[in-house]
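Mind assembling these two chains? They're in different frames, but the hints should get you there.
Here the protein sequences line up with chains A and B, keeping their order. Residues in the first sequence are numbered from 1307 upward in steps of one, following our numbering. Residues in the second sequence are numbered from 197 upward in steps of one, following our numbering.
No lab work stands behind these hints: they were computed from the structure.
No more than 25 Å apart at the CA atoms, straight line, and that leaves these computed lysine to any residue pairs for SDA-like:
id, chain 1, residue 1, chain 2, residue 2
1, A, Lys1489, B, Val403
2, A, Lys1336, B, Ser201
3, A, Lys1430, B, Gly418
4, A, Lys1446, B, Pro243
5, A, Lys1310, B, Leu214
Stretch-level coverage of chain A by chain B, calculated; a stretch enters the list once three of its residues show a Cβ under 8 Å from a Cβ in chain B:
id, region
6, 1440-1452
7, 1481-1487
Just so you know, even glycine gets a beta-carbon here, dropped at the ideal spot from N, CA and C.
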Amino acid sequence: MQLKNALFIALIISIIGLISWESYWRSQGKTANLDDNKDLWAVQRAKVDKATEKGVILTGSSRVLFDIQLNEWELETGIRPIQLAAAGATPLPIFSDLVNNTNFNGTIIVGVTPPLFFSTTFPKADPWERAQSKVEHYYKRTYAQRFNHALSIPLQQNLALISTTEEIWSNNIDLKSLLNNIKIGNRMPEGMSPFYEFNDTALDRNTKMTERTVNDTAYANTIKRVWGFFGKTSPPPDKESTTNFFIKDAKKFIDRGGILILLRCPSTGGFRIGENMGMPREQFWDELVEKTKAHSYHFEDYNQFKNLELPEWSHLSPKDARFFTTELIKIMKADGALSNSKTQ
Amino acid sequence: MLFNSLSFIVFFVIVLALYYSKLFNWTGKKRMLLLASYVFYGLWNPPLVILLWISTMVDWTAGKKLATEENQRKRKLWLLLSMTVNLGFLGFFKYGDFLLENFVTLLNSIGIDFQAQPMDIILPMGISFYTFQTMSYTIDMYKRKTERAKTFLDFALYVTFFPQLVAGPIVRAKDLITQFYEEKKATTEQFIWGLFLLTIGLFQKVVMADTLLSETADTVFGSTKLLHGVDAWVGTIAFSGQIFFDFAGYSTCAIGIALMLGIILPDNFRYPYASLGFSDLWDRWHITLSSWLRDYLYIPLGGNRHGITRMYVALMLTMLLGGLWHGAAWTFMVWGGLHGAYLILEKLQKRYLPFKITAWNGVFLAFITFSCVNITWVFFRAREFSTA
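Isolated chain B (complex conformation) (with noise of 0.2 Å):
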């Protein structure tokens, strides 16, 4: 189900009803947000709930295990049971053909003659979302950042919950979690400004999103003949609008739906194209998945503990694997490698040739982001080197 549809709607009035109904006390309220959520989730296809029953299984009892488990090897196989099966459903119905695609191509270019039909497997809706979220709880739970939920509900709850299920915001355990744990109500400002926030949100989606530039973007990305150069600028800068409001305009309805329940969300855009450079950027630009990435990957391969040559190569693979995240082609990975070398040149310059920012080359700098970040939407729009 899509927050832009009729149905939602619907959805939602009802779930309000409910919640804000004296049928249930807080634990009942809960019941109906999961059942509630797997009906939003299964409404689209129903079979597919399965995985997210599996991603919740696996992780609660791997979780469970990483909470009393002592003994180190035995937490790391169950860290990796957690992983295999998440980033397994990912591999699978995310980049299945892509890696087949590639394999094929791959024997073909060493003479191998071989031919496999694609495997046509159907994308899961919001699966790159949540299984990052659940990741986040065992990884957080292996190193004993965070509590263990306290009930399987809480935790069924946390990996579905529909207002951030199938595009976000990526949220933490700690954060969302802990909030399910005492009765929530949204006050009535809350309650009026998270409608205020799912209007915002679709107007974003729907009137800018959708209506306003998307048909200047495809034109220009669909174009089969060479373009003049302002046409191709045009088409990339509304392509840059397009999926700003995209994104961030199902993120704000996500946060104003939450809001409009009691239930904080973290904010996941914050005027990105004000940014000036890149780790500006990525500090406003969907917030949430580019701190999961610094927390989750880039630490991890080294962040900065190394050394300049290593912690360059963490930020190449960290964004190179970013880039993937958002699609399963190499476009997605050279917009990754783009913006990877952007912060490895913002950190030489840094290093190298510092300077003040002031408000006069702040406007400079700024200009110079965004132009340097509409070159990058160019490989995140094509589907094919060719039309880049």
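Isolated chain A (complex conformation) (with noise of 0.2 Å):
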């Protein structure tokens, strides 16, 4: 009977533990999010073996992510992308994995982050690892993480308490993130200034900025002193093996009928003139579109996107991040570069 007892008052406890951390949080500005994980990238690149010459595949880095919506895209073309770009990483080992462990001869839109795209092809180096992190996951998981990922997304959708993420945000509310939160004394050098979370993800890996990044304007700087951060302790830029790299796999591509599309997403403000110091376009972004011979779109060169609104400097708010999709196909059709497949 005791016993009996003990686990009814245990229940009861662990209930309202969890409805009083759930409200908490969600009386700090926490909402629930899709956790943009490995699981979630591997389900996307998982229907790349059954897309047909017809599809379209968005690799890249976080610009991709967000300035590339999925709705528009699906609107203007009838046909909804693969979103396989990869956050704070090099394009370079996923496309190579579509090139090399596919017969994928659709359309692939590489976006290229120049401090990413011609950072490193060095498989130790961060930006190379998160990328094949996730190919690797997606070749290596069991079917139990599939289980488990499939079980955790109602979960992930609807409570803001288990919203943790594989990246280490500085607002991530796991215990361990909490308990890393706490400062004790400072004996480790201050680093990177905080770095709050700023993607709404949708199941297809559809990506928006955050209504507070775009209205917050105290929130969008803390991410742009990150940039500032990123800035002054990358490594120089490696064009030669990064672009080398690309390049042999690129020339495969289209010679089995594929079609390949360079994109510079917008960037503006520190972050561009960084950008235009550290790996000016000509010779970078020009070189590699030379040596590519691929279809290739460069923000600059359309006046559309003179104004666009990028609350922290790298990534279009939602609602410029629709008119960049949409324009970006008008002018990618009327280059011949897109076929409309609604009309076809």
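Structure, rendered in structure tokens:
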């Protein structure tokens, strides 16, 4: 009887604890959000095996994630792209996987964020490892991991208290992150400024900037400070090896009938200044385009992209991301790079 | 599948519902548990279930022959077959790369230029546990210490029973198979205790080991710089906590899960860091493994029956192999060797400098034991001797 009472009390305390914890985090502005983790990526990667030559795959870094809106793309072309871009990562390992391990011969759009695209081909370097680990997870994931992921989706979509992420955001609320945020003494040198989550991810990885990032300038400024930190601490680019690595795969893909599109998404402010200083367009983008012989689109070349809103200098607000996607498709269609399957 | 995963919660709820439903008789329930155990294992890597099947078939056949065969030579051959298959699996899957690596190093050291591609063999989950468990069955059958399993189903379930399949406790045949003979059903008290143990085990594993302690240990052991002594000790103590909560937490989960099904599994950890000396430690730490090593390695090596020197040799060999059981690296051998040395020193002390343990010197002894154990953890955790 005592045991039954103990169980009953434990259950009551657990339920009260869960409700209180959920309410607390919601009162702090946390919302239920999907974690853009390796499992979510792998589900999209699995779609490639069934994609036809009409299919479109998006790869690149976070700018392709935020700036290309899948709903608008589908509305304009009748095809919903497979979103395989990876934040903070070079697209080279993912593109290489698509070229060498699949027979896909549709359209691949590769986003070129110069500090990441031209960063490295060293397997242990962070921008490479981030992308490569997703590819490896796709091939190595167990059935148990797939099952766990599927079960976690409704929980992630409905509970703020479990909104933890693979990324080490400063506003993660899992126990480990909360403990890490407690600073005792100052033995460790202050590194990067706090880096807060600013993405809102859907099940098919369609990603939007959060409303808070768009509307709260102070919040957006915290992200700008992090870009500044990366700008000061990142190693110099490795143009030769990254370009050569990419060209080899690009040639193979084009030769088998695939359509390759290079895309330079907008950046502004301090970020843009840093990019122009470290990786001038003529020496990096233009050379890449020339060597690749692929369709290419640089935001600077189009008047409609001159006054876009990038709250934290590197990614478009949801409104402008929708505009950017729609206009970009118009340009690509006019150019013959994209066919309009809606009218075919 | 891991206990600390969402899929396990769903899996276990379904198993419990089927187990306590009136859909099956006892044989049907055992079949359901066996199937569930294969699903539990196969969700990680389905083809590796074949290893479980081979192990089960070989040991069932060997057990059957050992029970009926009177010819001692033939009995030995059946035991040898069981040992070869089980140790062969363990040797190939767990130690294949390690052996190859050392073979290459040996050839290079004597001037032969030879390079080999690493085999990159996948390590089947729980292979160290289930091979030891099934070997205990055939060895006990050979020694006529246990009865043959009544049915193949009982034996297959003994090999594969999901609560203890991947991380122990390593259960002896006579303690588990006999529980499968009659219908088992947890009493309300057992069920609630089981649930509590499962919760406590998950807390130990998820909160204590994986969240509170792992990062400190990882930071210290992953450091490429020479550390301050205090930092090194903090990292080592964090690891000693992490490994205890990790191992003990998982065992506690297993015991709790089995109890919810009305099956009793043995205790595996009993306050090991409160040990007074190393014999005491091994009576408290991973009890089912240490008793396995004692019964199937130390005693067959001679134990204390052939004089002191032979006993020390047997003790050291047992601990060295016990170290290697934990992982395929020389650092694990050093860990085992240190424990062997501690046990030998303790036996020497008891022989030449005996003293009575009181409350006062007991505290000191516990502290010394814990400190010495921490030194061994440095080698256990470090992947390279340079890190240690």
